[in-house]
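Q: Heads up: the protein sequence lines correspond to chains A and B, in order.
Quick note: the first sequence uses the numbering used here, first residue 1, plus one each step.
Quick note: the second sequence uses the numbering used here, first residue 1, plus one each step.
Some but not every residue of chain A turned toward chain B, in silico, with C-beta under 8 angstroms: (1) Gly42; (2) Leu43; (3) Phe45; (4) Tyr48; (5) Val89; (6) Leu91; (7) Phe103; (8) Ser105.
Pairs of lysine-lysine, DSSO-like flavour, derived with a Cα cap of 30 angstroms: (9) B:Lys108 x A:Lys57; (10) A:Lys17 x A:Lys57; (11) B:Lys70 x B:Lys3; (12) B:Lys38 x A:Lys57; (13) A:Lys57 x B:Lys3.
Please keep in mind that the hints were generated in silico from the structure rather than gathered at the bench.
Nothing here was measured: the structure is a model prediction, and the numbers come from that model.
We put the beta carbon where it would ideally sit given N, CA and C, even for glycine.
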Amino acid sequence: GAGVSQSPSNKVTEKGKDVELRCDPISGHTALYWYRQSLGQGLEFLIYFQGNSAPDKSGLPSDRFSAERTGGSVSTLTIQRTQQEDSAVYLCASSSSDYGYTFGSGTRLTVV
Amino acid sequence: AQKVTQAQTEISVVEKEDVTLDCVYETRDTTYYLFWYKQPPSGELVFLIRRNSFDEQNEISGRYSWNFQKSTSSFNFTITASQVVDSAVYFCALSEARRGYSTLTFGKGTMLLVSP
Numbered sequence: 001g002a003g004v005s006q007s008p009s010n011k012v013t014e015k016g017k018d019v020e021l022r023c024d025p026i027s028g029h030t031a032l033y034w035y036r037q038s039l040g041q042g043l044e045f046l047i048y049f050q051g052n053s054a055p056d057k058s059g060l061p062s063d064r065f066s067a068e069r070t071g072g073s074v075s076t077l078t079i080q081r082t083q084q085e086d087s088a089v090y091l092c093a094s095s096s097s098d099y100g101y102t103f104g105s106g107t108r109l110t111v112v
Numbered sequence: 001a002q003k004v005t006q007a008q009t010e011i012s013v014v015e016k017e018d019v020t021l022d023c024v025y026e027t028r029d030t031t032y033y034l035f036w037y038k039q040p041p042s043g044e045l046v047f048l049i050r051r052n053s054f055d056e057q058n059e060i061s062g063r064y065s066w067n068f069q070k071s072t073s074s075f076n077f078t079i080t081a082s083q084v085v086d087s088a089v090y091f092c093a094l095s096e097a098r099r100g101y102s103t104l105t106f107g108k109g110t111m112l113l114v115s116p
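Let the sequences and hints guide you as you build the complete structure.
A: Here it is in structure tokens:
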């Protein structure tokens, strides 16, 4: 597609439920990043995928968070047993080089 | 560790005023990139500029200009003759090299409100 597409745009979930957030990167972009934007915390790096290499998961805040990227394209970020502190905007970005990023509009997650 | 500081949390100006957004960074890397992004109410992060650490030339693009000073570790952004459409949150970011690729370290952002 023309840009990075994320779905859903908004998600409200009950505490303790699992959620899946989806990212469709720009076609041909080999690198895919997930960031989290929380009030008072700014933008934090979560995870990075590059081609078929093992992902860099060093930014994931806990083992309740996981992500996968199928076929080198679409990525899903899963949060298990959601907590209220998981409420944030989750942003996905893709890149064709190390220093050029295109961000999606994000998924606003609210845990009630 | 790398750090980006945007000391101004919120700035309010009247249309046509000039406004400068400050950004100060810390890094031990000798090679790095600096970025500015704009986040309008729609939420998407819009890329504005990327600057290589070896290139200290200032840059002007229309009403936007950037002043990169390595001596003070600053990368300030000026909007000339601001417009209401410039209202957004602006983020400064620094690339962090990890195993041959880069993640971005962001500042906490400056919210710019331009009123008519």
